[in-house]
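Enquirer: Chain by chain, the residues run as shown.
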Amino acid sequence: MSLVEIESLIYDIYRGSRAAEFKASPSSVIEEYGLTNNEREAVLGQDYALLYELGVHPMLCMYLARANGLTVPAYLGLVGNSAAKISSMQIER
Amino acid sequence: MIVSGIATVHAPTIALSRPSGDGISAIYDSFELLREEFDTTKPDLVIVLTTEHIVNIQRTLVPSFCVGMGEYHEIVREFDLPADKTIPGAAEPARDLVEYAFANEFDVAHSAHIKLDHGTVIPLHYIVPDFGTPVMPVIFNTVFPPLPSLRRSYEFGQLIGRFIADRLPDKRVAIIATGGLVHAVGQVPRPLDYSFDERFIMALRENDLDGIMSMKQSELDALGNGTNEIRCWLALAGALGPSWKPVVVTQESGNGPHMGMYQMKWEKAA
Chain G
0 MSLVEIESLI YDIYRGSRAA EFKASPSSVI EEYGLTNNER EAVLGQDYAL
50 LYELGVHPML CMYLARANGL TVPAYLGLVG NSAAKISSMQ IER
Chain H
0 MIVSGIATVH APTIALSRPS GDGISAIYDS FELLREEFDT TKPDLVIVLT
50 TEHIVNIQRT LVPSFCVGMG EYHEIVREFD LPADKTIPGA AEPARDLVEY
100 AFANEFDVAH SAHIKLDHGT VIPLHYIVPD FGTPVMPVIF NTVFPPLPSL
150 RRSYEFGQLI GRFIADRLPD KRVAIIATGG LVHAVGQVPR PLDYSFDERF
200 IMALRENDLD GIMSMKQSEL DALGNGTNEI RCWLALAGAL GPSWKPVVVT
250 QESGNGPHMG MYQMKWEKAA
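Sequences listed follow chains G and H, in order. Going by numbering that gives the first Met the number 0, the residue at position 61 of the first sequence is 60; the numbering climbs one at a time, nothing skipped. Going by numbering that gives the first Met the number 0, the residue at position 202 of the second sequence is 201; the numbering climbs one at a time, nothing skipped.
Worth flagging that the hints you see were computed from the coordinates, not collected in a lab. In this text the structure is predicted, and so the values were computed from the model without any measurement. Check the hints yourself; a few may be wrong.
[To be verified] FRET-style restraints, in silico, Cβ to Cβ:
1) N67(G) <-> E73(H): 17 to 27 Å
2) N37(G) <-> K267(H): 52 to 62 Å
3) E218(H) <-> N37(G): 31 to 41 Å
Cβ coordinates follow ideal geometry from the N, Cα and C atoms, glycine included.
Bound-form chain G, shown alone:
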């Protein structure tokens, strides 16, 4: 779990100057950060809900979604639906 690394990556994409570079070649930018395989897949797969679950700051999860072209309501829909699924799975258990 490399929370600080994921957050640094998102910061550099959204607040720094790496947005175009990330858009052109996301996997090569990600390689420069110390992410685990799961984390790398979550970023590349735009799995905001998983990043959120991992503890990435909600603001940064939203920033990554914006950098990927999502609107805020669309992002909130994704993390909201996922949270609802997780909580219903917990109830089923």
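For this one, chain G is given, so just place chain H on it according to the hints.
Expert: What follows is chain H alone, placed relative to chain G:
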């Protein structure tokens, strides 16, 4: 001396030019009043007590309070902010404030390069003509826990008030606190207790802030992460002290997401 005290929401849903249609409106009317206040009180220094949106602070280094000592401030490229412009700084009084804080048992952080985002620039855009007045930004850590307590935030405001009285008796200082009341930013949507907004406004009106300042962080967390921004409002109340009274309150009830959209102006009691 303090000539003006203003607290305002800074939601990025506030456009830089007033949109037509059925959206939010009260805030734009209120900004016009606050601009008139600025023209009347003619400040020559603006201290902005502002929040953090992961621009200047990252989890790798987290100051509770950070005074911007730059000669000028860059504007972050986001939304429609005029990122090609800069805002004049107030390096000398900012350095004096930091030294005053150190001499009075308040170890704040300082930065020569604070970047201003919508949280500061939207209010300044509406209130300060052409960004023509020096600005001293003071950033509060409202994002990465552990956060400074509400009481400590208020006390830092009190220190700023004493600093202005002691060290800047001839300067005309406006203090603008920015931030929303109950709201969440980027969090999984869930019902929030919006009645806290009224409780908070009432506490400010009555200058009875003990109950608010005794809240635990877990109680604040239940109100959404954006609600941490009330620290700036409390610091302003601390800076002004009990001789200033809230006289104007705007609550935006137009369309749009609930962002705790309130504004308040204080006046010094005669």
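Enquirer: Next step is simple, just say for each hint if it's right about the structure.
Expert: Against the structure, the hints come out as follows:
1. For N67(G) and E73(H), the Cβ-Cβ distance of about 25 Å falls inside the hinted range of 17 to 27 Å, so the restraint holds.
2. Between N37(G) and K267(H) the Cβ separation comes to about 57 Å, which falls inside the hinted range of 52 to 62 Å.
3. Between E218(H) and N37(G) the Cβ separation comes to about 34 Å, which falls inside the hinted range of 31 to 41 Å.
The structure fails none of the hints (numbered hints given earlier).
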